[in-house]
Structure formats: C-alpha cells, structure tokens
Amino acid sequence: MIKVPKKGDLRNCDDYRGITLLSIPGRVSKRVFLNRIKDFVDAQLRDQQAGFRKARSCTDQIATLRIIVEQSIEWNSSLHTNFIDYEKVFDTMDRTTLWRLLRHYGVPEKIVNIIQNSYDGLHCKIVHGGQLTDSFEVKTGVRHVCLLSPFLFLLVIEWITKTSTSQGRSMGYSGQIGCSWMI
Numbered sequence: 001m002i003k004v005p006k007k008g009d010l011r012n013c014d015d016y017r018g019i020t021l022l023s024i025p026g027r028v029s030k031r032v033f034l035n036r037i038k039d040f041v042d043a044q045l046r047d048q049q050a051g052f053r054k055a056r057s058c059t060d061q062i063a064t065l066r067i068i069v070e071q072s073i074e075w076n077s078s079l080h081t082n083f084i085d086y087e088k089v090f091d092t093m094d095r096t097t098l099w100r101l102l103r104h105y106g107v108p109e110k111i112v113n114i115i116q117n118s119y120d121g122l123h124c125k126i127v128h129g130g131q132l133t134d135s136f137e138v139k140t141g142v143r144h145v146c147l148l149s150p151f152l153f154l155l156v157i158e159w160i161t162k163t164s165t166s167q168g169r170s171m172g173y174s175g176q177i178g179c180s181w182m183i
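With the UniProt record's numbering applied, the sequence shown covers 1 to 183.
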C-alpha cells in the first residue's frame, strides 16, 4: 500500500489516502467480475442511478438538476436539494453488508465467494520512506483503486435510497454523512 497525500496537514495520518497496489492478473480478474456483476445487477437499479453504468452519464444528471433549479426559479417555487458527502466511504464500508447486498441483487454465490475471499484475511504493508512497514490486517473497507470498489459503493447507495424511500424500512447503514441544504 502506498500513501497518497490529500489536503491539509501532512503530519496527520488522516490527511493521507492509502492506495492498495494490485497485480495485473488481479486487476484483470476484477474487471471480469465487475462485468459479470453488472450483468446481474444493472436491470435492478433505478433509472436515476447513472454512476458507473453503461450508456449513462453523471453529466446528464447535472443537466437535469440544472433544469429543475431553473424551473423552480422561473415558477417561484421552493426547491430542496440534498448533497451528501460520504466521508472515507471506501475505508469504512462494511464488507459483510456488501456480500449480503451482492447476494440480494442476485450475483451468483460463486462470484460473491471469490470476491469475499480476496478480502478475507487481507494483509497490507505500507511503503514509507522507501521501506516497508510490518504487515497488518485490513478488516474493513474496500480497496481504493480496485475496479469493483466504485460499483460496490453504488450498490450500497442504491440500497440506501430504495429502502429509505420505501414504506418506512430501516436503512441500517452507519457512516459519517455530511449534508448541505439549498433552498
């Protein structure tokens, strides 16, 4: 794992992002699994979900929001939007929940088990000053540069959105969430 500085005080560990280095065969296999997972999941996702999906663009979502804002101003009506910033989301995703969500969306058990096995007992070393630290176990989160990670996050967000907007079900997600409101 290498540490990449973010912004802020570089003497503070929280101001670095840990990037896991993956082998070429590992990256290729993750691409294959990502394509297979998308085959099972894509039809179940809401149309409003554009992130990390074929033939969809976040630019379209931004344009739609802009039109809504412009119409709200033109019609002199109130508009409430919610922007959520999930802090350290890749570092804090609960893996047990991820495996359950993959099964919930119909991903075959064999694929879920292979992905799960790639995280079970995951140990890393950090490159610091040209030297490697001692090995430590990483028990939570997903790898920052793994091709699967953004799509796994999308599944979490999709599930939160579906369950929070349906008939009073509990979301069951615990994470640090920052919200801002615009009226």
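Just so you know, the hints here were simulated from the structure itself, not pulled from any lab data. Each hint should be verified, as a subset may be incorrect.
Claimed, not checked - Subject to a maximum C-alpha distance of 30 Å in a straight line, what follows is the list of computed BS3-like cross-link-like pairs (lysine-lysine): (1) Lys125 to Lys54; (2) Lys7 to Lys125; (3) Lys88 to Lys162; (4) Lys38 to Lys139; (5) Lys162 to Lys54.
What the hints assert, rightly or not - FRET-style restraints, in silico, Cβ to Cβ: (6) His104 to Ile68: 27 to 37 Å; (7) Arg27 to His80: 37 to 47 Å; (8) Gly8 to Glu109: 17 to 27 Å; (9) Val69 to Arg100: 19 to 29 Å.
Using N, Cα and C, we set each Cβ at its ideal position, and we do this for glycine too.
Results of checking the hints against the structure:
no. : hint                        : result
1   : Lys125 to Lys54             : 35 Å, violated
2   : Lys7 to Lys125              : 23 Å, holds
3   : Lys88 to Lys162             : 22 Å, holds
4   : Lys38 to Lys139             : 25 Å, holds
5   : Lys162 to Lys54             : 21 Å, holds
6   : His104 to Ile68: 27 to 37 Å : 31 Å, holds
7   : Arg27 to His80: 37 to 47 Å  : 41 Å, holds
8   : Gly8 to Glu109: 17 to 27 Å  : 42 Å, violated
9   : Val69 to Arg100: 19 to 29 Å : 37 Å, violated
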